[in-house]
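Engineer: Below are the chains, spelled out letter by letter.
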Amino acid sequence: MKTLMTTAALAAMMTTSAASAADLRMSWWGGESRHVATQEALKICGEKHGHTIAPEFTGFDGYLEKLTTQMAGGTEADIVQVNWPWLPLFSKDGNGFADLNGLSDVIDLTQLTEEQRAAVTVDGKLNGLPLSTSGRVFFFNLTTLEEAGVAVPTTWDEFFAAAEALRAAKGDEYTLFNAVKETAQLLVTLAVVQKTGKDLVDPATNRVAWTAEELAAGIAHYGKMVETKAIRSMQEDAAAGNVNLYEKPEWAEGKIAGSYEWDSTYSKYAKPLNEGQNLQAVAHLRFDDAVVDGIYAKPSMFFAVSANAKDPKAAAQIVNCLLNEAEGIDALGDTRGLPASAIAAKRLTDAGAINPNVAAANAIVMAASGPTISPFNEHPEVRGIFIDTLEEYAYGMISADEAAEVIIDGANKVLRGFDPS
Amino acid sequence: MTARRMLGLGYLAPYIAGLLVFTMVPFLASLYLSFTDYNLMSAPVWTGLQNYIDLFTSDRTFRRSLTVTLIYVFTTVPLKLAFALFIAYILNYRLRGINFFRTAFYVPSILGGSIAIAVLWRYIFATDGLVNMGLTAMGFEAVNWFGDPGNALFTITLLRCWQFGSAMVIFLAALQSIDKSLYEAAAIDGASKLHSFIFITIPLLTPVIFFNLIMQMVQAFQEFNGPYIITGGGPLKSTYLLPLYIYDEAFKRFDMGYASAIAWVLFVIIMVLTLVAFWSSKKWVFYAGDKRS
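Here the protein sequences come in this chain order: A and B. Going by UniProt numbering, the residue at position 376 of the first sequence is 376; the numbering climbs one at a time, nothing skipped. Going by UniProt numbering, the residue at position 141 of the second sequence is 141; the numbering climbs one at a time, nothing skipped.
Hints are computed from structural coordinates only; laboratory data are not their basis. Glycine included, each C-beta is placed from N, C-alpha and C at the ideal position. Wrong hints could be hidden among the right ones.
[Unchecked claim] Output of the computed footprint for chain B on chain A, the stretches with three or more beta carbons under 8 Å from beta carbons of chain B:
(1) 99 to 105
(2) 268 to 279
(3) 385 to 396
[Claimed, not checked] So, partial list: chain A residues that the calculated Cβ filter (under 7 Å) puts toward chain B:
(4) A239
(5) A240
(6) G241
(7) P380
(8) E381
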C-alpha cells in the first residue's frame with residue numbers, strides 16, 4: 001500500500017510538473033529584427049511562466065509551404081504565426097487550430113475589439129489572436145520628388161501629371177511608381193474598389209462581386225500607368241530577374257520614386273534607400289468620382305495555438321505574455337506593426353517605442369474607408385489567376401475585357417469549392 | 001542462414017530500409033494520391049482518373065509547362081554533352097598545368113546547382129549585368145534576357161550547360177582509357193585528327209555517351225533551382241518547368257492529388273524516353289568485345 005501511494009504521489013508530481021513546465025515550440029516568419037526580438041520575448045516569457053519554448057523561424061518565402069506540410073502531418077509548433085488570408089486554408093470549419101474561447105481564463109481576450117476577434121473566428125471558434133491591422137499604403141520618395149520639383153500627388157490625375165513632370169525633370173530612367181506582381185494586382189483592385197465601393201468577393205453569394213466591365217476598367221487603369229510610363233512595364237521590370245523591389249538598385253537610388261506596400265513594411269523599404277533619401281507614407285490617391293478610399297486593410301497575421309498542442313494552456317500563457325503582458329510587449333516592440341492588443345499599443349505608444357513612420361503609415365490605414373476585405377483576395381489560386389492574367393494583358397496577349405472575364409471565371413471556380421455543402 | 005550471409009544482409013539493411021521508407025513508400029503513395037482530391041488538410045477523396053483527364057483536356061498551364069520542359073531538355077542535354085566532350089577532349093592533351101585546368105573546369109559543376117550561383121546568374125544576365133555590358137561595349141544593343149519570353153529559357157539552359165563538369169570528368173576518364181595504339185595505327189594509315197575522332201574516339205565513347213545521356217536527361221527533367229531563383233518561372237510561364245508546376249500545385253495551391261498526377265506524367269515521360277534510349281542503344285552503342293563491324 002505504501003509503495004502504491006508513493007508511486008501515485010510521484011506520478012502526481014510528474015503530472016503537475018509537466019503541466020506547469022511545458023516544452024513548447026513556436027514558429028514564425030519575419031526579418032532579422034523580428035527574429036531577434038521574438039527570441040528574446042520567448043526567453044523572458046518562458047522564464048516568467050516556467051516553460052521552455054524552442055523557436056522555429058524563417059523568412060516569409062517558404063513559410064506557407066513548411067506550415068502546410070507540418071499541419072498535414074500534425075507536427076506544427078504549439079504556437080504558430082499565421083497569415084490571416086491562410087485561415088480558410090487551414091481552418092475551413094474552425095477546427096484547424098485550438099479554440100481560444102476555451103482558454104479565456106489564461107488569455108485576456110478583452111484587449112482585442114469584437115471586430116478583431118470576429119476576423120479570426122470561424123464557425124464560432126476563435127482560431128487565433130490578431131497581432132495588428134495592416135493595409136496597403138502609398139509610399140513616396142520625397143527626396144526624388146523634391147529634386148524634380150514635383151508635389152506629392154493626391155489624386156490619380158495628379159499622379160499621371162507627376163509621372164510626366166518627374167521624367168521631364170530627371171530623365172527617362174526615373175519612374176514615379178512601382179507595380180508588379182501582387183502590387184499590380186492590388187492597384188487594379190484599388191481602382192475597382194474606389195469606383196464601385198465593392199470588395200472582390202461578395203460575402204452574401206461567395207462569388208466575385210465585380211462585373212466584367214468594372215474589372216476591365218481597373219485593368220485599363222493599370223494599362224494607362226504603363227502607357228504613360230508612370231510605372232515600368234512588366235517586360236522592363238522582369239529584365240532584372242526575380243528580384244524584390246527593395247533589393248533593386250533603382251529603388252535604393254530613388255529612380256523608382258514610390259510603391260504601394262503594406263504599412264508595416266515601411267522599414268523594409270526605407271532602409272535600403274541611399275543616405276539622405278526620405279520615404280513617407282501618404283494618404284490614398286483617389287479618383288474624382290471615387291465612392292470610397294478603397295483601403296485594403298486586414299488583420300495582418302495572428303498567433304494561433306495548435307489543435308495538436310499537448311499543453312494548450314501553457315501555449316496560451318505564452319501567447320498572452322507576448323501580446324498582453326509588459327515583459328512580452330516590451331521585448332516584441334513594433335516588430336509586427338502597431339499591436340492590435342489595446343494594452344500593448346498604449347504601452348508602446350506611451351514609451352515612444354513605435355517608429356513614427358510606421359505609426360503614421362498605420363494611421364493612414366486606420367483612417368481610410370473601404371469595404372471589408374475577404375481573405376479570398378489572397379487565396380493562392382485566386383491570386384495566381386489574377387497575376388497570371390494581368391501578366392498576359394501586360395504582354396499584349398489579351399485585352400482588358402478578356403482579362404476581366406478570365407479572372408472572374410477563374411476566381412468564381414475557386415470560390416465554388418468553398419460553398420457550404 | 002550462415003553468419004556471413006547474415007552479415008551481408010546486415011550491411012544491406014540500412015540501404016533497403018532507406019529505399020523502402022524514403023523512396024518506395026512516397027513513390028506508391030504519390031501514385032495513389034494522383035487518383036484523389038487531396039488538399040493536405042482533409043482525407044484524400046478518390047476521384048479516379050479525373051486529375052489526368054483535367055491535365056490533358058483543360059489545363060493550359062500544364063500544356064505550356066510540358067512544352068517548355070521538353071524544349072529545355074532537348075536543347076540542354078545535347079548542348080551540355082557536346083560541350084563536356086569538347087572540353088574533355090582538350091583536357092586529354094598533355095599540356096603544362098593540365099591538372100589545374102581539369103580542376104578549374106570541374107568547379108562549376110560543384111557550385112552549379114547552388115542557390116548562390118543561380119543568384120549570380122540573375123545578376124550576370126540582368127539589364128545592366130555583365131553580359132549586357134559586354135554587348136554594349138561591342139556596339140550591340142542590350143538584350144532583355146529575363147523580360148522577353150523568347151530569351152528567358154535560353155539563360156536557364158545556359159546555366160545547366162555551364163554545369164558540364166561531371167559529364168566532362170566521365171568523358172575524360174573514358175578518353176584516357178582508349179588505347180593509344182589505335183590512333184597510332186590510324187595515323188600511319190593517313191587518318192587525320194578529325195577522322196580519328198569520328199571513327200575511333202566517338203565509337204569507343206558510345207557507352208559513356210549513353211550513360212551521360214540518360215543521367216543528364218533525367219536530371220534536366222527535374223531542374224528546379226535555376227528557374228525558381230532566376231525567373232520564378234516567368235515571364236508568361238516561359239521558364240515554368242514541370243517541377244515548378246508540381247511544387248506550386250502541391251505547396252502553394254494545396255492540390256496534392258493534382259501535383260501527384262503531374263509528377264506521374266513526368267515520371268512516365270522520363271521512363272519512356274529512357275526506354276527509347278535503351279532500345280536505340282543497340283544500334284549505336286558499342287561495348288568492348290562487341291562483334292559488330
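Engineer: Return the numbers of the hints above that this structure violates; sort them in rising order.
Structural biologist: 1, 2
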